[in-house]
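A.B. asks: Chain residues, written in single-letter form:
Protein chains: 2
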Amino acid sequence: MSKINRVLIVGGTHGNEITGIHLVKKFERHPHLIQRQSLKTFTLLANPQAYAIGKRYVDTDLNRSFSHQDIENPHLTSYEAQRAKEIYQTFGSGGSQPADFVIDLHTTTANMGLTIILDHKEPLYLQLATYLISLNPNIKVLYSRIESLDRPHLDSICEFGCTIEVGAIAQGVLDATLFQQTEKLIHAILDYIENYNQGTLPTSKNQLTIYQATHTIDYPRNDSGEIQAMIHPQLQFKDYQPLHPGEAIFITFEDEEIFYEGDNIVYPVFINEAAYYEKGMAMCITQKEEVF
Amino acid sequence: MSKINRVLIVGGTHGNEITGIHLVKKFERHPHLIQRQSLKTFTLLANPQAYAIGKRYVDTDLNRSFSHQDIENPHLTSYEAQRAKEIYQTFGSGGSQPADFVIDLHTTTANMGLTIILDHKEPLYLQLATYLISLNPNIKVLYSRIESLDRPHLDSICEFGCTIEVGAIAQGVLDATLFQQTEKLIHAILDYIENYNQGTLPTSKNQLTIYQATHTIDYPRNDSGEIQAMIHPQLQFKDYQPLHPGEAIFITFEDEEIFYEGDNIVYPVFINEAAYYEKGMAMCITQKEEVF
Numbered sequence: 001m002s003k004i005n006r007v008l009i010v011g012g013t014h015g016n017e018i019t020g021i022h023l024v025k026k027f028e029r030h031p032h033l034i035q036r037q038s039l040k041t042f043t044l045l046a047n048p049q050a051y052a053i054g055k056r057y058v059d060t061d062l063n064r065s066f067s068h069q070d071i072e073n074p075h076l077t078s079y080e081a082q083r084a085k086e087i088y089q090t091f092g093s094g095g096s097q098p099a100d101f102v103i104d105l106h107t108t109t110a111n112m113g114l115t116i117i118l119d120h121k122e123p124l125y126l127q128l129a130t131y132l133i134s135l136n137p138n139i140k141v142l143y144s145r146i147e148s149l150d151r152p153h154l155d156s157i158c159e160f161g162c163t164i165e166v167g168a169i170a171q172g173v174l175d176a177t178l179f180q181q182t183e184k185l186i187h188a189i190l191d192y193i194e195n196y197n198q199g200t201l202p203t204s205k206n207q208l209t210i211y212q213a214t215h216t217i218d219y220p221r222n223d224s225g226e227i228q229a230m231i232h233p234q235l236q237f238k239d240y241q242p243l244h245p246g247e248a249i250f251i252t253f254e255d256e257e258i259f260y261e262g263d264n265i266v267y268p269v270f271i272n273e274a275a276y277y278e279k280g281m282a283m284c285i286t287q288k289e290e291v292f
Numbered sequence: 001m002s003k004i005n006r007v008l009i010v011g012g013t014h015g016n017e018i019t020g021i022h023l024v025k026k027f028e029r030h031p032h033l034i035q036r037q038s039l040k041t042f043t044l045l046a047n048p049q050a051y052a053i054g055k056r057y058v059d060t061d062l063n064r065s066f067s068h069q070d071i072e073n074p075h076l077t078s079y080e081a082q083r084a085k086e087i088y089q090t091f092g093s094g095g096s097q098p099a100d101f102v103i104d105l106h107t108t109t110a111n112m113g114l115t116i117i118l119d120h121k122e123p124l125y126l127q128l129a130t131y132l133i134s135l136n137p138n139i140k141v142l143y144s145r146i147e148s149l150d151r152p153h154l155d156s157i158c159e160f161g162c163t164i165e166v167g168a169i170a171q172g173v174l175d176a177t178l179f180q181q182t183e184k185l186i187h188a189i190l191d192y193i194e195n196y197n198q199g200t201l202p203t204s205k206n207q208l209t210i211y212q213a214t215h216t217i218d219y220p221r222n223d224s225g226e227i228q229a230m231i232h233p234q235l236q237f238k239d240y241q242p243l244h245p246g247e248a249i250f251i252t253f254e255d256e257e258i259f260y261e262g263d264n265i266v267y268p269v270f271i272n273e274a275a276y277y278e279k280g281m282a283m284c285i286t287q288k289e290e291v292f
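Keeping their order, the protein sequence lines are chains A and B.
When you number the first sequence by my numbering, it's gap-free, plus one each residue, and the end is 292.
When you number the second sequence by my numbering, it's gap-free, plus one each residue, and the end is 292.
Bound-form chain A, shown alone:
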């Protein structure tokens, strides 16, 4: 396979997820931190206007603006639609400075610890995940693509990419421990790519645990669309932990419990993510899988 020559590190795709923004600013002050012998690294603050106003986005979610259909649609003129086109035309496949690999830095109010979100199950990704977990066994590997959906995320602009999702962190807040762990994870990914390019990756045949998204569950809502229940205290902050059929997932404002009606044990993630109330998503259901 060809080498990965150009890596793009992106912060602030969501303006109120400031861990990635301050990491990118740090890397811009100290560029040697992200340089490796066989590759060139670039940084990008993806949504500076959203950061300036302390919001996820100005007009629309930038991290849902990268489908090919939207990128090629001249009638989409919102701030984020324009920004997506600029980013794609610069760093996308066929752009002026095309990246081979993009690392997009996010945080979540869900208790997802250190999560790496991958899109494909090619060997490069599986080996990357195995390498990262060998350094830190607490890292979780999430495949969030639900097959029926188009893929509009920033990390899809070039051949290889991943999203780092770290939490629980409130929007607009820095958590020093998670900041430092995110930085370590970025260095580990760059080291992996360096070893990949140099052909010095250790052969690994370890089993790898991944979490494959299957569907999402919304909050119970009334006819006006207003939520009628909260995440149940027994489920709050329990991302990646087994949820059994019949266990409580919501509690209404009137103290009635609502139970999980699936047939199998599942592993919810993005539980109580602030930005997903408006997206109609209280949690994302995943299945735990072992791959080799």
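Each hint should be verified, as a subset may be incorrect.
One copy or two, it doesn't matter: identical chains are merged, so the pair holds either way.
25 Å max Cα-Cα, derived DMTMM-like pairs, lysine to aspartate or glutamate [as the list claims (entries may be wrong)]:
#1 Lys55 with Asp218
#2 Lys26 with Asp218
#3 Lys279 with Glu256
#4 Lys55 with Glu278
#5 Lys26 with Glu254
#6 Lys288 with Glu256
#7 Lys40 with Glu226
Derived by calculation from the structure, the hints in this document are not laboratory data.
It should be emphasised that the depicted structure is a prediction, and the values quoted were computed from it without experimental measurement.
Following the hints, put chain B in place on chain A, whose structure we already have.
C.D. replies: Coordinates of chain B only, in the frame set by chain A:
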């Protein structure tokens, strides 16, 4: 002392602190929950436009818009300035439906548990605090007024008032446990006022621990005003715990520790509150006092 006949419960003074908003909506669906024999209870969603856009405020912080000077200034025409005037003209002293006591519901990203913020040390307040702590010893009593400052908070619109501050909760998120605990606290305050009106309060001579704000500490910043450090991991989520001179309070993005330079043990609160980055406040320093 005269009776407290009219109590106002306020949610959504900040549009992204949604616990109070959903509590007010619950009380509006079930008004009997907040009725007591000797008093009339009202509810208010203070900043509906900020709630609609998922932000703390539209133009300016509503909970800093109630100084007498601002209320009487006809040149202030921002959304929140107008809203403050409307609220004051309705529920303030001399308003069309004047309240005697206001309970203003807030959340914080700081780990402040269940905090009641009081403004005066009159017997009514001290007895209220003692009563609440007798029901739940985890409740903290904070006097946040720093004498040199004017008092622009919503809970100052009538003779008696308090602010309930609950956390840690991310902005835009409901935490079911803290929702239920906040509701219990409101019921306890109403019960206290009912007993006060009926003259059936037990005489209490217990010692009461309060936290008196003395000053605030900002993040280290560069010449452009950008923060250069984060709350130190040893201090994160340690609200109300003793901070000793020489202990680390910040860590820079370059991993340098910054230490507390005061001369005495203090008790920081509002540590890493998201909304206070823009206010130049990383934490609020308090002294622990015993009152009788």
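A.B. asks: All the hints need checking, so say for each whether the structure fits it.
C.D. replies: Here is how each hint holds up against the structure:
In this homomeric assembly, Lys55 and Asp218 come within 25 Å of each other (Cα to Cα) both inside a single copy, at 23 Å, and across copies, at 22 Å. Taking identical chains as interchangeable, the C-alpha atoms of Lys26 and Asp218 lie at most 25 Å apart only when they sit on different chains, with a minimum of 20 Å there against 37 Å within one chain. In this homomeric assembly, Lys279 and Glu256 come within 25 Å of each other (Cα to Cα) only inside a single copy, at 24 Å, whereas the closest approach across copies is 40 Å. For the identical chains of this complex, Lys55 and Glu278 are neighbours both inside a copy (14 Å) and across copies (13 Å), given an alpha-carbon limit of 25 Å.
In the homo-oligomer, the alpha carbons of Lys26 and Glu254 lie at most 25 Å apart only across protomers (8 Å), although the nearest pairing inside one protomer, at 47 Å, exceeds that limit. In the homo-oligomer, the alpha carbons of Lys288 and Glu256 never lie at most 25 Å apart, since the shortest distance is 29 Å inside one protomer and 40 Å across protomers. For the identical chains of this complex, Lys40 and Glu226 are neighbours neither inside a copy (48 Å) nor across copies (28 Å), given an alpha-carbon limit of 25 Å.
Checked against the numbered hints given earlier, this structure breaks hints 6 and 7; the rest are met.
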